[in-house]
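**Q** Starting from the given sequences, assemble the full structure and let the hints guide the process.
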Amino acid sequence: MVGRAWWRRGPSSTGTSANSCARVAGGGAALGLLADGARWRWTLALRPGEPAAAAAWLERRGGAVARRFEGPWLLVGSDAAALRSMPTAPADSEGSWWQPALVEAEGAVLRGAVDLAALRRLRGGDGALLAGLDGPGRFLLAPIAHALDHGKLLRLQLVAASSLRLQVQADASIRGAAYGSLLPAGDAGREVPRVAGDVLATLTLDRSLHRLLAQPATYLSPAGVTQVDSFLSIADGFDGPNSSIVDELFGRLAEPATLFVLAPQLPPAAERPPLLLPDFAACVPVADARVEAVVRRVLDLIGIVVNAERAQRRQAPLLLRRWRGEHGSGLAAELPEWRGPGAPPLEAVLSPVVAFGHGHLVVASTTRAAERVLAACAAPEREHVRGDLLRLSGAAIADALATSRDALVLARMLDEGEDQAGAARFFAIADAVLRSVQHLQVAVVPAARETTVTVEAVRQR
Amino acid sequence: MNPLAPYEPSARDPFDLRKCGHLLRRAGFGASLPERQRLVREGLAAALQHVAPPLAEVPAADALLNEAIAFGSIERVRAFRVWLALQNTHPLRERLSYFWHGHFATSNSKVQDPRAMALMMATFDRLGTGRFDELLTAMLRDPALLRWLDNDVNTSKQPNENLAREVFELFALGRGNYSERDIKEAARALTGWHVRDGQFFRAGYLHDDGDKEVLGVRGKLDGDDVAAIAAARPESARFLAERWLRFFVHPQPERDEIDALAGAYEQHGRDVGATLRVLLGSRLFFSARAYRSKIKSPADFVIGSVRLIGGRAQPTALVAAMATLGETWLEPPSVEGWHGELAWLSPAAWLLRSNFVADLLAGRRGKLAPRAAELLRGYTRPDHLARAASLFCCDGDLSADASERLLEVARAAQGDRAATVLHAATCLPEYQLL
Numbered sequence: 041m042v043g044r045a046w047w048r049r050g051p052s053s054t055g056t057s058a059n060s061c062a063r064v065a066g067g068g069a070a071l072g073l074l075a076d077g078a079r080w081r082w083t084l085a086l087r088p089g090e091p092a093a094a095a096a097w098l099e100r101r102g103g104a105v106a107r108r109f110e111g112p113w114l115l116v117g118s119d120a121a122a123l124r125s126m127p128t129a130p131a132d133s134e135g136s137w138w139q140p141a142l143v144e145a146e147g148a149v150l151r152g153a154v155d156l157a158a159l160r161r162l163r164g165g166d167g168a169l170l171a172g173l174d175g176p177g178r179f180l181l182a183p184i185a186h187a188l189d190h191g192k193l194l195r196l197q198l199v200a201a202s203s204l205r206l207q208v209q210a211d212a213s214i215r216g217a218a219y220g221s222l223l224p225a226g227d228a229g230r231e232v233p234r235v236a237g238d239v240l241a242t243l244t245l246d247r248s249l250h251r252l253l254a255q256p257a258t259y260l261s262p263a264g265v266t267q268v269d270s271f272l273s274i275a276d277g278f279d280g281p282n283s284s285i286v287d288e289l290f291g292r293l294a295e296p297a298t299l300f301v302l303a304p305q306l307p308p309a310a311e312r313p314p315l316l317l318p319d320f321a322a323c324v325p326v327a328d329a330r331v332e333a334v335v336r337r338v339l340d341l342i343g344i345v346v347n348a349e350r351a352q353r354r355q356a357p358l359l360l361r362r363w364r365g366e367h368g369s370g371l372a373a374e375l376p377e378w379r380g381p382g383a384p385p386l387e388a389v390l391s392p393v394v395a396f397g398h399g400h401l402v403v404a405s406t407t408r409a410a411e412r413v414l415a416a417c418a419a420p421e422r423e424h425v426r427g428d429l430l431r432l433s434g435a436a437i438a439d440a441l442a443t444s445r446d447a448l449v450l451a452r453m454l455d456e457g458e459d460q461a462g463a464a465r466f467f468a469i470a471d472a473v474l475r476s477v478q479h480l481q482v483a484v485v486p487a488a489r490e491t492t493v494t495v496e497a498v499r500q501r
Numbered sequence: 008m009n010p011l012a013p014y015e016p017s018a019r020d021p022f023d024l025r026k027c028g029h030l031l032r033r034a035g036f037g038a039s040l041p042e043r044q045r046l047v048r049e050g051l052a053a054a055l056q057h058v059a060p061p062l063a064e065v066p067a068a069d070a071l072l073n074e075a076i077a078f079g080s081i082e083r084v085r086a087f088r089v090w091l092a093l094q095n096t097h098p099l100r101e102r103l104s105y106f107w108h109g110h111f112a113t114s115n116s117k118v119q120d121p122r123a124m125a126l127m128m129a130t131f132d133r134l135g136t137g138r139f140d141e142l143l144t145a146m147l148r149d150p151a152l153l154r155w156l157d158n159d160v161n162t163s164k165q166p167n168e169n170l171a172r173e174v175f176e177l178f179a180l181g182r183g184n185y186s187e188r189d190i191k192e193a194a195r196a197l198t199g200w201h202v203r204d205g206q207f208f209r210a211g212y213l214h215d216d217g218d219k220e221v222l223g224v225r226g227k228l229d230g231d232d233v234a235a236i237a238a239a240r241p242e243s244a245r246f247l248a249e250r251w252l253r254f255f256v257h258p259q260p261e262r263d264e265i266d267a268l269a270g271a272y273e274q275h276g277r278d279v280g281a282t283l284r285v286l287l288g289s290r291l292f293f294s295a296r297a298y299r300s301k302i303k304s305p306a307d308f309v310i311g312s313v314r315l316i317g318g319r320a321q322p323t324a325l326v327a328a329m330a331t332l333g334e335t336w337l338e339p340p341s342v343e344g345w346h347g348e349l350a351w352l353s354p355a356a357w358l359l360r361s362n363f364v365a366d367l368l369a370g371r372r373g374k375l376a377p378r379a380a381e382l383l384r385g386y387t388r389p390d391h392l393a394r395a396a397s398l399f400c401c402d403g404d405l406s407a408d409a410s411e412r413l414l415e416v417a418r419a420a421q422g423d424r425a426a427t428v429l430h431a432a433t434c435l436p437e438y439q440l441l
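Residue numbers (my numbering), protein chains in the order written: chain B, 41 to 501; chain A, 8 to 441.
Because the hints were derived from the structure by calculation, they are not lab data.
Here the structure is a predicted model, which means the values were calculated and not measured.
We put the beta carbon where it would ideally sit given N, CA and C, even for glycine.
Just so you know, nobody snuck in bad clues.
Here are some chain A residues pointing at chain B (derived, C-beta under 8 Å):
(1) 71
(2) 72
(3) 73
(4) 74
(5) 78
In silico EDC-like pairs for lysine to aspartate or glutamate, Cα to Cα no more than 16 Å straight-line:
(6) 374/A x 459/B
(7) 192/B x 211/B
(8) 374/A x 456/B
(9) 374/A x 458/B
(10) 117/A x 349/B
**A** In structure tokens, the structure reads:
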């Protein structure tokens, strides 16, 4: 059997459909999917609220499905073979069918299990997912891909309480595998800065970029190794021929890296680009303060290269200047003042900055974002994060999209072929959906023996 | 006899679906069958009004320009241009912008500035149907063109003749109508016409403000003067008339046709829109010589196919299809633009055109709406299906042999029969002709 899902209770008793559900499966239902060559079979174990009504209901469906009663259970299969595959008499008639295979969280309304090994057999082998990912894909998704490649069972449960939480757990972990050495030892979690105010998204990634670049062959495909080598052949020259960018820059930074996407500051209408990007700021702990000098030298050189390229395109140079904020200092680049023609371009509001402060390196798209994140680094409040974490704030994202709505509507018209009204309707729906979600959080925790992905949506109240 | 004498429909020579389709393909990017049938019912005057309504009555083409350039991507700008062509709010304006893009052929491969390219196309939209001298003056101040033809390094100390040469040879006069001395003098007049911060900038300190003599006119001339002098020459009228005749009527226009159109151009105060209205309403335009005398460009084929079906599609996908067929807007192959006509066709191009329509109709790309089956709903008999496809794609004007082949396809079609028959119609030689 490839997958099973268990539904704990019938819906409320209001309305005809709900009443029917209660009669047929008022005590819960378990759905199974079986792969038989190219054909799929399904099974359904129901605990009817009213067995007689359920039997009559199925009777009306004629011979389309196979079925039999087992005590309080009504077992249904897409055909006789599917029905035969179902175990008889569940061990615990008071509990739910096939419960022993599942971990039940308090109040889980839906539980399921997927036979990963069977799925892999259908796909034709092990290790396919991780091997198929490119370098960035492996860096980001290796724990999940490895778990799907090596786990036997994937367990799911949906808990609807103050939030809607979907927890998916595979009985395999990347820890102990070669790629696991990119992760920190143990899964106790780490403290990361907590940025106050309108934060659209936060992504915390607990991986060692230094190890990946130092031993690319351990982690990447031959094509990925070539890409890393190509990058390093240039990057290693940034700080002179006798230094290693891998050891002296990346090796002096620690984990985890956290990316903050912050609400943009709205410029006056006349200076506002039709497409207004949010502010971005990435923050990494510094392990060795000597990295600051290396970063400054590298940036000076990159500034020269960028300005040479701009000059070739006959663009005014970026103005590079030392930047000093309340909580840190660094190097910032300013674009020349926009004089037209037309609306300001996307980059008109950017002031990219690389700064150090309070034991962190911050790379930000604007000095304002750098200041906010450096302030968070200075503050005593920290957020405890286990594994990788992505958190999105619905209303803040909706606000950010609203500032660029016309440009996004046109982009959808061009990309999807919709008319203006259709494209505008799409964003109106997206806006309503986003505003209904206070935040959405995706956490990936590779523990010693299992990998857990939790998706949690908290509704706006 | 005046080739530009107005075409007057009669019982023997009516304004029918065939002529209406011809007008809408040449003066726009085609139209759906219901639209064509409506215009046939309303008559020639209504059809001419449809392709060239007064500009004040249609929305400005650049209403969404700022949004189109917001992403800083040339692909988005291309898709925006395709979207405008699909919208068809002012068919002749869109068609003329396409013409002027080939005429003042400028490529982003060198300009490397999607904003400048978009603004150049917006200038064609704004001025393309007006007076040519005004358009030429604007173009000689256009940042994309100045950069493309190296005028942003044209200084009094080191004059660069590139722009001056193309103004005479490709934009305004044609070969044989100017001298090398005129080019050198015009290049001096254009010194200091530079670009700064993405805008035209008259760098006075780099401009040669001495006396020059261009095409017999003497004085302290600058770029505006060069444009005015060149556009006022009688040779310019004949040069442009030949270009328009090649583009709108026939790839090899006759001398008397060129003279007649040049005369109309002078007579209408060198107003492009007014001149072309005369041309589009003429017997010459609707003559047998003009009908299906040109080969569809990839833009005509791709955008025209969607317009003929009367549907919507993804502009970005259409841009990609056009590029596959050899036409990448905003990236012409050279300063001479696209050579067109027979250069568009090859065995490979034919297959690619066929594949594009097959994918479009099958929903594999372009997200065409409505789908073929919906379009030909109600046509079930093979002869009805074949007739409908002939009407949709070829105005019902097919040879007996082509009609018979279409009928055979309709009889043999299985599955999505509407898509199969429409696809077959677009593979006919007649469909490749404009």
